[in-house]
Amino acid sequence: MSAEPTTTTPEPLADETAVRKAISATPRPPRASATSAALTFGWRGMLKVKHVPEQLLDVTITPVMFVLMFTYLFGGAIAGSTGEYLQYILPGILVMSVLFTTVYSGVALNTDLTRGVVDRFRSLPIWKPAPLVGSLLGDSVRYLIAGTVIIVLGVILGFRPGAGVGGVIAALALVVVFAFGLSWVFTTLGLLLRSPNAVMNAGFMGIFPLTFLSNVFVDPDTLPAGLEAFVNVNPISILADASRGLMEGNAAASDIVIVLAVAAGLTAVFAPLTTHLYRSKA
Amino acid sequence: MTTQSTLAIEATELVKTFGETRAVDGVDLAVRGGSVYGVLGPNGAGKTTTIRMLATLLRPDSGSARVLGHDVVTEADAVRGVVSLTGQLASVDEDLTGRENLILVGRLLGVGRAEAKARATELLEAFGLADAAAKLVKNYSGGMRRRLDIAASIVVTPQLMFLDEPTTGLDPRSRNQVWDIIRALVASGTTILLCTQYLEEADQLCDGIAVIDQGKVIAEGTPGQLKASVGSGALHVRLLDPEQRPEAERTLARELVSVHLEPDPAALSAPCADTDKAARAVAELTRSGIGIASFTLGQPSLDEVFLALTGHPAEEDPLARTDAIEEEQAA
Ligand SMILES: Nc1ncnc2c1ncn2[C@@H]1O[C@H](COP(=O)(O)OP(=O)(O)OP(=O)(O)O)[C@@H](O)[C@H]1O
Ligand SMILES: [Mg+2]
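Quick note, the sequences are listed as chains A and B, same order.
Take my numbering: the last position of the first sequence gets the number 282, and nothing is skipped along the way.
Take my numbering: the last position of the second sequence gets the number 613, and nothing is skipped along the way.
Honestly, the hints are just simulated from the structure, not real lab data.
One or more of the hints may lead you astray.
Quick list of in silico lysine to aspartate or glutamate cross-link-like pairs, EDC-like style, CA-CA up to 16 angstroms [what the hints assert, rightly or not]:
#, chain 1, residue 1, chain 2, residue 2
1, B, Lys-498, B, Glu-295
2, A, Lys-128, B, Glu-357
3, A, Lys-50, B, Glu-404
4, A, Lys-48, B, Glu-295
5, A, Lys-128, B, Asp-359
6, A, Lys-48, A, Asp-112
7, A, Lys-21, B, Glu-404
8, A, Lys-50, B, Glu-357
9, A, Lys-48, B, Glu-376
10, A, Lys-21, B, Glu-295
11, A, Lys-21, B, Glu-407
Which bits of chain B does chain A cover? Going by a derived footprint, with three or more residues having C-beta under 8 angstroms, they are [said to hold, decoys possible]:
#, segment
12, 358-366
13, 371-384
14, 524-538
Where is the CB? At the ideal position from N, CA and C, for every residue including glycine.
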């Protein structure tokens with residue numbers, strides 16, 4: 001009984017006294033505020049970008065390919081010259097690549113759920129939506145990066161925004177705000193579907209046709225009437241129009257208001273839904 | 283009312299079903315503050331489901347539970363404020379470093395930035411993780427991950443801690459390290475609810491044990507009581523020569539009445555509590571010229587307790603299942 005060969009441990013488990021001291025050390029601090037909890041989760045998102053930079057490759061390489069492909073492959077055919085087409089399409093591609101990136105928020109959440117760490121988050125006394133809001137704040141930084149890559153590449157290829165740097169920043173900001181609202185739809189999907197792949201497929205099945213049935217690539221005037229009507233009310237068209245307008249300095253205020261309203265509406269519906277699902281998930 | 287203040291966990295008739303499965307089927311628990319309480323059961327017994335209900339992660343279908351005086355459903359947030367959870371899947375973020383994990387938890391609990399960093403350093407050192415502080419957790423060994431997990435649970439010392447199978451899959455040395463940490467936590471006054479499949483672990487650490495099987499508590503008490511409730515103990519004899527077993531059986535039967543032949547062809551056992559009688563029986567074997575390799579007289583092990591309580595050994599189920607799967611694949 002007493003001859004158990006237990007306590008000779010080459011792997012350093014600290015001395016008992018250090019463990020004891022570490023255990024007894026802490027009075028409980030006041031709870032973290034909602035903002036501080038959300039920002040802490042945003043910081044976690046940033047750390048992931050740092051440690052898993054492959055994630056960033058996804059969101060930068062794809063848009064670069066889109067810009068090059070659409071400009072040089074279709075530019076001549078659609079707009080007569082690649083230069084003119086680039087001027088038309090760049091704000092649209094900005095919209096498309098950032099919106100495509102939002103699908104990954106749902107995929108990431110779904111992946112997270114299969115890991116034990118979510119149990120810790122859910123057992124902490126924090127503002128309930130904090131892990132979700134925080135992750136999306138972190139993701140917004142990725143949206144910004146994706147957007148910036150597109151714009152820089154565009155400028156290199158000859159894109160000249162009429163409204164200068166200010167206009168570009170305003171357009172980028174608007175797109176990111178809309179993306180934040182839209183990503184709640186995908187986090188909801190992320191909690192409803194079984195696997196990251198299912199989220200990816202369902203997400204792109206929705207966002208792909210919506211993007212192509214918008215004015216991102218072609219002027220809707222050239223479309224059949226029924227299709228044109230749909231394209232004109234598609235929020236993605238309105239967002240693309242608004243960002244083109246902001247970059248050129250002739251944005252319609254109504255477009256901006258509609259974009260912000262849609263983003264707010266999506267958040268109002270899907271953020272509470274996501275939070276509820278996140279909490280009640282077994 | 284007095285019992286309420288001394289009981290850290292008080293669960294009544296907890297039920298949780300998943301479709302057809304009654305994962306937890308009317309569990310009652312009463313855990314004294316400051317103690318280590320073990321929930322012992324085989325795979326699928328309902329241990330994790332029970333712990334998740336108590337830690338406010340799952341809502342019970344029926345029944346109620348209070349943790350440190352707070353209802354787990356209506357006062358879930360108050361419960362979260364005083365407990366911490368070390369889940370069955372390590373509850374740490376694989377994509378961050380060990381140090382970042384501890385800072386993250388500290389910040390989420392409201393610890394200031396500088397203090398959270400200092401606390402992370404302190405814990406990493408205390409748990410022998412200082413060298414691995416800047417490594418990503420996905421590159422940690424199982425033992426390191428567990429220690430980090432427990433460290434994350436005590437960034438702010440909880441009054442009560444849930445530990446779900448903290449040593450499953452660890453080698454004996456890592457297991458001992460985790461046990462040492464658990465003992466230190468108890469010494470500091472933290473109440474612990476520990477789920478385990480290991481009978482030895484429950485025996486080593488726990489003041490009280492509930493044995494659960496198929497969602498029901500099938501026995502409850504101190505490790506000693508549980509052993510006693512199953513029977514007084516047994517004399518185990520291992521012979522040098524299996525050939526002599528029939529003769530040994532006859533000889534033992536004269537002294538101890540019911541003799542049981544073990545699967546090991548050289549071993550037999552007989553229920554017996556009386557040391558004098560056991561000594562006489564062993565002496566009788568020697569006198570008849572039967573060579574004895576070893577003999578023990580002891581309380582039944584928790585393995586035997588489990589066998590007696592459930593009719594099947596604790597570890598049989600999962601193994602049987604794996605065998606079946608392997609056979610299927612071989613076929
Ligand atoms: N989310 C779930 N959905 C469906 N069934 C579940 C779910 N969680 C648990 N179960 C089922 O409930 C039963 C009890 O599971 P539980 O995880 O509580 O067992 P356990 O004692 O922790 O087992 P183990 O030792 O394998 O961890 C099992 O039959 C399991 O398949
Ligand atoms: Mg379990």
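Hint check results:
A distance of roughly 10 angstroms separates the Cα atoms of B/Lys-498 and B/Glu-295; the hinted pair therefore holds under the 16 angstroms criterion. Taking the CA atoms of A/Lys-128 and B/Glu-357, the gap is near 14 angstroms; set against the 16 angstroms cutoff, the hint holds. The suggested pairing of A/Lys-50 with B/Glu-404 is violated, with an alpha-carbon distance near 25 angstroms, which exceeds 16 angstroms. For the suggested pair A/Lys-48 and B/Glu-295, the alpha carbons sit about 43 angstroms apart, so the restraint of at most 16 angstroms is broken.
For the given pair, A/Lys-128 sits about 10 angstroms from B/Asp-359 by alpha-carbon distance, which is consistent with the 16 angstroms threshold. Taking the CA atoms of A/Lys-48 and A/Asp-112, the gap is near 12 angstroms; set against the 16 angstroms cutoff, the hint holds. A distance of roughly 9 angstroms separates the Cα atoms of A/Lys-21 and B/Glu-404; the hinted pair therefore holds under the 16 angstroms criterion. With a CA separation close to 38 angstroms, the supplied pair A/Lys-50 and B/Glu-357 exceeds the 16 angstroms bound.
Only pairs whose Cα atoms come within 16 angstroms are accepted, and A/Lys-48 paired with B/Glu-376 is accepted, the gap being roughly 10 angstroms. At roughly 39 angstroms between alpha-carbon atoms, A/Lys-21 and B/Glu-295 are farther apart than 16 angstroms, so this suggested pair is violated. Between the alpha carbons of A/Lys-21 and B/Glu-407 the distance comes to roughly 11 angstroms, so the proposed pair stays at or under 16 angstroms and holds. Proximity of the segment 358-366 of chain B to chain A, defined as three or more residues with a beta carbon under 8 angstroms from a beta carbon of that chain, is established by the 5 residues found.
Residues of the segment 371-384 of chain B with a Cβ under 8 angstroms from some Cβ of chain A number 10, which satisfies the need for three, so the listed coverage holds. Counting residues of the segment 524-538 of chain B whose beta-carbon sits less than 8 angstroms from any beta-carbon of chain A gives 0, not enough to reach three: the coverage restraint is violated.
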